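Work the whole structure out from these sequences, hints included.
Residue numbers (this note's numbering), protein chains in the order written: chain Y, 1 to 138; chain C, 139 to 276; chain R, 277 to 414; chain S, 415 to 552.
Warning: the hint list may mix true and false statements.
To give an idea of the interface, some chain S residues facing chain R are shown, with a C-beta separation under 8 angstroms as derived from the structure [stated by the list, open to error]:
1) Thr418
2) Ala447
3) Val449
4) His450
5) Leu451
6) Lys452
7) Ala453
8) Phe454
9) Arg456
10) Leu462
11) Ile465
If you want the ones that stay clear, here's a sample from chain C, every Cβ over 12 angstroms from chain Y, calculated [to be verified]:
12) Ile160
13) Val162
14) Arg180
15) Ala184
16) Leu201
17) Arg203
18) Cys213
19) Pro215
20) Gly216
21) Ala217
22) Leu224
23) Gly242
24) Val255
25) Ala256
26) Glu260
27) Ala267
For the record, the hints were derived by calculation from the structure and aren't laboratory data.
These numbers come from a predicted model, not from an experiment.
Glycine is no exception: its CB is placed at the ideal position from the N, C-alpha and C atoms.
There are 4 protein chains.
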Amino acid sequence: MSLTADRARAVIAAAETKAWEIGVPVVVAVLDAGVHLKAFARMDGAPLASIDIALKKARTSALFRAPSEAVWEYCKPGAPAPGLELTNGGLAPFGGGVPLEAGGELVGAVGVSGGAVAQDLEIAKAAAAAFHFEPERA
Amino acid sequence: MSLTADRARAVIAAAETKAWEIGVPVVVAVLDAGVHLKAFARMDGAPLASIDIALKKARTSALFRAPSEAVWEYCKPGAPAPGLELTNGGLAPFGGGVPLEAGGELVGAVGVSGGAVAQDLEIAKAAAAAFHFEPERA
Amino acid sequence: MSLTADRARAVIAAAETKAWEIGVPVVVAVLDAGVHLKAFARMDGAPLASIDIALKKARTSALFRAPSEAVWEYCKPGAPAPGLELTNGGLAPFGGGVPLEAGGELVGAVGVSGGAVAQDLEIAKAAAAAFHFEPERA
Amino acid sequence: MSLTADRARAVIAAAETKAWEIGVPVVVAVLDAGVHLKAFARMDGAPLASIDIALKKARTSALFRAPSEAVWEYCKPGAPAPGLELTNGGLAPFGGGVPLEAGGELVGAVGVSGGAVAQDLEIAKAAAAAFHFEPERA
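This is the structure:
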């Protein structure tokens, strides 16, 4: 299964729905499995800094096939890979990047930025869940 | 008037409608007046090269407040600004980037890439027109 | 069909075989459909400049789903997309980048540099042909 | 002794053999003494993030003529060269980059990424050993 424009749009809609619900404007970036931008939306009121951060969270997640914050376990002080966050053009090893998977295969990633890290993560998880669940309904 | 997420979405929808009509999948990027990404969509089948090209066309248009191809008049052989296309991180001085204006004021730009240059320009113009006309109908 | 390590190796072997045959040492780069490096070999005696050139030819071909020299038709003097070669981090719009396709689908690209352009192109075509034909034999 | 294509291939083959043995798909990059890419292979299933990391580990090792993790001793908190990891386009000062030496002379470096740091280091050491020992057998 590949990441179609329709599915990418559904991921963004789910992110925006959750963001409205908790009252925080965010930037949402959706990448495909090849780490290329598929869809992007910046809600009114989201900080400009969040453009790069949402993109980097999604990149981090797609590049490592893991939630973005998992990468911190490898590069935090005392961990075995200091400076890992400087590779791949700069990573964002904190919450808000979540892989999009279908049938156990990576098909992309979503990155969210604009709120507190816990809020961004909650929104990104809601966005990724929309991706996972929709096929079952069909 | 500023570029709201709603208006950015309308610009992308108009671009996609025209692209479907002429049968060419494209990438559409919408920037605000501060030259920051507001919305982005990559249609299924559009070449990966078009991600950067659509972004650069929109950048070129927003930076100069002009259609992207107008910049070529300043840097083409014999023109007074050779190398202008190398500034600002690299410009795309050919058709497909169109300013979004309201009340004589620049509020952003749209960039389209994926088809022949004439097709991209036609799609970008349709996208920008959707931006201009919608307010009048309200 | 995706680009496996085995197939990438076969593409490089075919390029090296043809390069030996015509007596010119080259650099060979194989990218997947997401424009990410899969395999690479620099033959003894190939110029260092060819590292970047082979990579850029393969990138150009994968990004546009076309032979690298086809891109020149769009950016040569008088063509409709001046400066196109400056997009995507810099393109190499001359011969030696060839798409790898299977079942009408792009699965990657090979880029060759080190000889005259006609030689690079001949080698890249031989490399791509090895990719196409091998499955039929199985 | 210089790093021939034959020896680079042997280094990659030894890395892949060890990677299969411990069951972790990796990216392997081999650079020459001039810090230029000589050979590269990405095993099926290795994360895309490992392309840049393997290249940076090999670069770090070749630039300093030392195992990549040795560089961390100079830039870790309290060490005399804070920010050293930001030089040279970004270093990867953690395990997995190993110099290739012959007769006490540096002839290149190998970088491995894809597993845990200890696994990458084990694979890189096996790869470098193949380089050292093979000549003696001849």
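Here is how each hint holds up against the structure:
Annotation: interface hint on S:Thr418 holds; nearest CB of chain R at approximately 5 angstroms, less than 8 angstroms. Interface restraint check for S:Ala447: the shortest CB-CB distance to chain R comes to about 12 angstroms, outside 8 angstroms, so the restraint is violated. Using the Cβ-Cβ criterion of 8 angstroms, the hint placing S:Val449 at the interface with chain R is not satisfied: the shortest such distance is roughly 10 angstroms. Proximity of S:His450 to chain R holds as hinted, the smallest CB-CB distance being about 5 angstroms (cut-off 8 angstroms).
Restraint check, S:Leu451 versus chain R: the minimum CB separation of about 6 angstroms is within 8 angstroms; hint holds. Below 8 angstroms, beta-carbon pairs count as interface contacts, and S:Lys452 has one with chain R at about 5 angstroms; its hint therefore holds. At a threshold of 8 angstroms, the smallest CB-CB gap from S:Ala453 to chain R is about 5 angstroms, leaving the interface hint in force. Because the beta carbon of S:Phe454 sits about 4 angstroms from the nearest beta carbon in chain R, less than 8 angstroms, this interface hint is met.
The interface hint given for S:Arg456 holds, since its Cβ lies 5 angstroms from the closest Cβ of chain R, which is under the 8 angstroms cut-off. Against a cut-off of 8 angstroms between C-beta atoms, the interface hint on S:Leu462 holds, since the closest Cβ of chain R lies about 6 angstroms away. The beta carbon of S:Ile465 is positioned within 8 angstroms of a beta carbon in chain R (closest approach about 6 angstroms), and the interface hint is therefore held. Every beta carbon of chain Y lies more than 12 angstroms from that of C:Ile160, the smallest distance being close to 17 angstroms; the non-interface claim holds.
C:Val162, annotated as away from the interface, keeps every beta carbon of chain Y farther than 12 angstroms; the closest lies near 14 angstroms. A beta-carbon of chain Y comes within 12 angstroms of the beta-carbon of C:Arg180; the shortest separation is about 5 angstroms. For C:Ala184, the shortest C-beta to C-beta distance to chain Y comes to about 9 angstroms, within the 12 angstroms cut-off, and the non-interface label is violated. With a least beta-carbon separation of about 16 angstroms from chain Y, C:Leu201 lies farther than 12 angstroms from that chain, consistent with its non-interface assignment.
A cut-off of 12 angstroms between C-beta atoms confirms that C:Arg203 is not in contact with chain Y; the least separation is 20 angstroms. The beta carbon of C:Cys213 is kept farther than 12 angstroms from every beta carbon of chain Y, the shortest such distance being approximately 27 angstroms. Separation of C:Pro215 from chain Y is adequate, the least Cβ-Cβ distance of about 34 angstroms exceeding the 12 angstroms criterion. Interface exclusion of C:Gly216 from chain Y stands, the closest Cβ pair being 37 angstroms apart, more than 12 angstroms.
For C:Ala217, the requirement that its beta carbon stay farther than 12 angstroms from each beta carbon of chain Y is met, with the minimum near 33 angstroms. With 12 angstroms as the threshold on Cβ separation, the claim that C:Leu224 sits away from chain Y holds: the shortest Cβ distance comes to roughly 21 angstroms. Annotated as non-interface, C:Gly242 keeps its C-beta farther than 12 angstroms from every C-beta of chain Y; the closest such distance is 23 angstroms. Every beta carbon of chain Y lies more than 12 angstroms from that of C:Val255, the smallest distance being close to 22 angstroms; the non-interface claim holds.
Residue-level check passed: C:Ala256 sits 23 angstroms from the nearest beta carbon of chain Y, beyond 12 angstroms. Annotated as non-interface, C:Glu260 keeps its C-beta farther than 12 angstroms from every C-beta of chain Y; the closest such distance is 20 angstroms. Distance check for C:Ala267 against chain Y: the nearest CB is about 22 angstroms away, which clears 12 angstroms, and the non-interface claim stands.
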